[in-house]
Amino acid sequence: MTDLISMVVAKYNYWIYITLMMIGLYAIIAKNNLVKKIVGMNIFQTAIILFYVSIGVKKGATIPILEHGHGPDAHHVVHAVDYINPLPHVLMLTAIVVGVATLGVALALAIRVYNNYNTLEEDEILAQIREK
Amino acid sequence: MSEQYPALLVVVPLLSALVVSIAGWINKRLCFPIAVAALGVAAWSAVGLLLRVLDEGVIVYKLGGWSPPMGIAYYIDYLNGLVLPVVSIVALLNLIANKKGIEQQFPDKIGPFYTLYLLMVTGLLGIVVTGDAFNLYVLLEIAALTGYGLLAMGEERAPLATLNYLYMGTIGACFYLLGVGYLYIVTGSLNMVDIARLLPPLYQSKAVMAAFIICMVGVWLKMAFFPLHAWLPNAYTYANSAASSLIAPLVTKVMIYVMIRLMLTVFTPEFAFTTLAVSNAIVWLAVIAIVMGAVLALAERNLKKMLTYIVVAEVGYMVGGAWLGNRDGMTGAILHIVNDALMTLCVFMVVGNIVYKVKGYAFEDLQGLFRKMPFTMGALVIGAMSIIGVPPTCGFFSKWYLIVGAISAGHYGFMAALIFSSLVSVVLFFRVFEICFYEPFADHHGHDNHPGGMDEAPVSMVVPLLIVAVILIVVGLYTGDIVNHVIQFAIPETMV
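Which chain is which? The protein sequence lines are A and B, in order.
Each residue of the first sequence is one higher than the one before, starting from 1 at the first, in my numbering.
Each residue of the second sequence is one higher than the one before, starting from 133 at the first, in my numbering.
This is chain A alone, in the form it adopts within the complex (with noise of 0.2 Å):
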């Protein structure tokens, strides 16, 4: 048991991205309002987010920016040990960009369904297609 819980405690961030994960592709799947499920769907891809956030982190070090990294001092060595790792953060704001333009186009295609069918509700119109 505490083999268990030092496990989840060491490697906290990996559980809590693949919680949100599951929370996420939960809604997706079980949820019958179709803005919710698309929130579903970005709770999925913020999970991943943070999960590339997290890896970048190191303990004791600090943001990746050279304080003398300029001028005539900026000739000392750059321990890489120091600094966390900005590779991931860049490439989630990417990421980031990428998942508010797909919550911008599924809000869109929801408008577009709402407009045809007058509701958001899965069920009602999954109905509303069979009477045709």
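Don't take each hint at face value.
In silico DSS-like links for lysine-lysine, alpha-carbon gap of 27 Å or less [stated by the list, open to error]:
no.	chain 1	residue 1	chain 2	residue 2
1	A	Lys132	B	Lys338
2	B	Lys338	A	Lys59
3	A	Lys11	B	Lys338
4	A	Lys132	B	Lys437
These aren't lab readings, by the way, just hints derived from the structure by calculation.
Fit chain B to the given chain A structure using the hints.
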């Protein structure tokens, strides 16, 4: 000039998408020529690249002069050298063929439509040309987001079907991104060649296995591999014909390219086939995909939806062929990317012409079409022959390689599924031909339902279609050259 082909391939459609969207406000007639010119440049660059690859081997193009692994590099080898011309030529021919159809369906949305079309092609070409795993994700989403926009412009049910595709597509892309994240954790690199160099000592690591499987599941979702295919038929059926005849041939095929790229370049075939030891299960899944695709197609009374289930079955062909784990199977899978893109384009363009004239694609709407639209139906016959696998059309040859691969792998289930699906295709298409040969019953309401003369789609739609039909036969006749000069070098020598 020719050194810059890899950049031109992506940059020209991307920038001209902006130009088209501005030109759409000024004068709608400007959009089409700009779009054709942009895709023409892309097709020219793609063919030029293939010729250069044949001449001098693998090309590495450093974007902005930053050398990998820091910068993003484009690698063009025999595998994507073959896929690039297919993608760009299919997109160009489909654009020309659908000019009239787009004007008929959305007279007031011509600018946005061409903009999305060009962005979609940018994304697809970028996926194929890039050598960076994260760059691939971004381009994947560019292609997907524009694809949702294009597919949603359709019938009443199109937005809902597209929304379902959007959930699945986003989950697929996220899984791919997650897999790349694991690869990044273990290797610290995003460049495909660099990852491939760093991975072999780590092959026993659980994180690497998880990365591979997660990436594969993501890619399978995107390509509609059988249990994950549910979004495809409705999304493609209810879309407008210009979008479905762009997306149906290209998106699934480009995703198969990504799968093969991951198997052959990022990972090694030994890892995919020996270390993981899941290939047999995946081939069995492909068998189920082929059989279910064929059976579900048989149940449809609607030409376009029937074709979408054939797309699902064809995905099974390629996944199965790639996972057979031998050279013939992989050759068949790569050759089938080319052939299936062309034959799916052919049959979906036929549907586009029928929709343009008849305004429907249910089986009842097809009666008497051989008399009304002989050229379109002639192309359908050639496309159908290719899907069934009748020589000398190209579909026969890739199926031949797949079956040879199945026999040498000892996987008779896959061979049986291929033959079963060919036989079902015979039934499917000859049922359509039979309906198209007979005239509708004369109705008794006094309409002059006289069996008039030809009522063919416009020349600008028929000529590209006939070109595609001829290409199907030409590619079939030159299969030997394609295999011996291109595909043979695309597969690593370690794979026998």
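To see whether the hints hold, each was checked on the structure:
no.: 1; hint: A:Lys132 <-> B:Lys338; verdict: violated (51 Å)
no.: 2; hint: B:Lys338 <-> A:Lys59; verdict: holds (24 Å)
no.: 3; hint: A:Lys11 <-> B:Lys338; verdict: holds (15 Å)
no.: 4; hint: A:Lys132 <-> B:Lys437; verdict: holds (18 Å)
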